Amino acid sequence: MMRPSKPVGIIGYGVYIPRYRIAAREISRIWADGQGGVPVDAKSVPGPDEDTITMSIEAGRSALARAGVSAAQLSAVWVGSESHPYSVKPSGTIVAEALGTTPWVSTADWEFACKAGSEALTAGMGMVGSGMAEYVLAIGADTAQGRPGDALEYTAAAGAAALLVGPAEQALASIEATCSYVQDTPDFFRRADRAYPVHGNRFTGEPAYFGQIRHAATQLMNELGTKPADYTYAVFHQPNTRFPQTVGKQLGFSPEQIAQGLLAPKIGNTYSAAALLGLCAIFDVAKPGDTIFVTSYGSGSGSDAYALRVTDAITERRKRAPLTAAYLAREKFVDYAVYAKWRGKLVME
Amino acid sequence: MDLAKHWRQRAARYRLEGQRNPTSGAVRFPPEPGETDWQPFALSGQGTVYSFTVVRQPPAGLAEEAPYILAMVKLAEGPMITAQLTDCDPEQITIDLPVEMVTRRLRDLGPDGLLVYGYKFRPQIS
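From first to last, the protein sequence lines are chains A and B.
Per this note's numbering, the first sequence runs over residues 1 to 349.
Per this note's numbering, the second sequence runs over residues 1001 to 1126.
Errors might be hidden in some of the hints.
[Unchecked claim] Listed next, the in silico EDC-like pairs over lysine to aspartate or glutamate satisfying Cα-Cα at most 16 Å (straight line):
1) A/287 x A/316
2) A/341 x B/1112
3) A/89 x B/1108
4) A/332 x B/1037
5) A/89 x B/1089
6) A/345 x A/150
Calculated from the structure, these hints are not laboratory results.
Remember, it's a predicted structure, so these values are computed and weren't measured experimentally.
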């Protein structure tokens, strides 16, 4: 278990979900004659002018607005993603410039498949908790790609979540503690300069997703002396609808505890944003005193678990920026042809 | 590749940073170089649609986004600017519609070129 010497928490949060969706049935219509089950109802699709940087900027602006701190007060702007637009040129400097944080700020791009955002969060806890920084902005954002026809294409989606870490006494939710559990696992990977990832089928569920999350979550609850019933809400990384439901049940959480943070059925797998977006959706409705258990997962593989306690500040602060529901409500569905054009799946030369 | 041109405009494009005259209180956008009595000023990004058109025959580099909406936006602080509207359909747009600034990808200058980011506007989310 890891816990900084100085208590820390989430001061502000912000989300971004693109306007566009494609129905999983539409993908199935192209590749499977519409037959068989689908892992989600729909997934979000980034518009042609959107990427990890633009989504991070919007989520970051909302986090700053909710925190009520100026951009110049941030000591770090960190962006976790597996879809940074440049291979070499940081997303973080562009995001920080757009937020108005430059030049006296640390920026970095984090990468750990779907848990790059929570890595940045844990590092931010260390910066603030050690006294090196007053405020750190940790962002998870992705515009994930799946090979046409592959199982991943049904879920690989886009979204961003930004968490502004600061002193616990200013927090809308204090972070009680965290722990990280990682093991070298060949469950999912993408070689450099390849457009699409591959997945190692037999590793995907056990020992990867379920194994890593169970270890991290169980360890943190044991060390804190808590059990699933002690938490108002729980949220897990959500590569599809069924995985977080299953691991929640394995750990002893009820469907009611995970319902509010489960966004995958409507928007798919937002990768680095997924668990953090679910957490933000919980912040949108949580009451002072509520407790939240969060566990991210990244292929390769590993999990970060966090225990949070919501404070009185949540009630006023969540009104300062658009709620997750506002982004979910503006959905516009596109067909496979538009999706293929926007996502670069057409050979143009 | 016009690296310097794009780099020079980053504050205005990324975060709608204009200028304010501390004596008169006047606000202008885009910012102009070479004068010392105008200070950098962060515009709110709030505005209304003054007029708009739909571009169906786009210039080079914007084919993927066409058709798109080009609008004159009256900013809350006074200046009028031309920008794309995004995340909306033409039938949603009316004169005086409240819009807000978002930072989006404006251009992709090719596999060995820059990605250019800057302001667009969209109907308000809340």
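Going through the hints against the structure:
no.	hint	result
1	A/287 x A/316	11 Å, holds
2	A/341 x B/1112	21 Å, violated
3	A/89 x B/1108	15 Å, holds
4	A/332 x B/1037	47 Å, violated
5	A/89 x B/1089	33 Å, violated
6	A/345 x A/150	13 Å, holds
Hints 2, 4, 5 from the list above are not met by this structure, while the remaining hints are.
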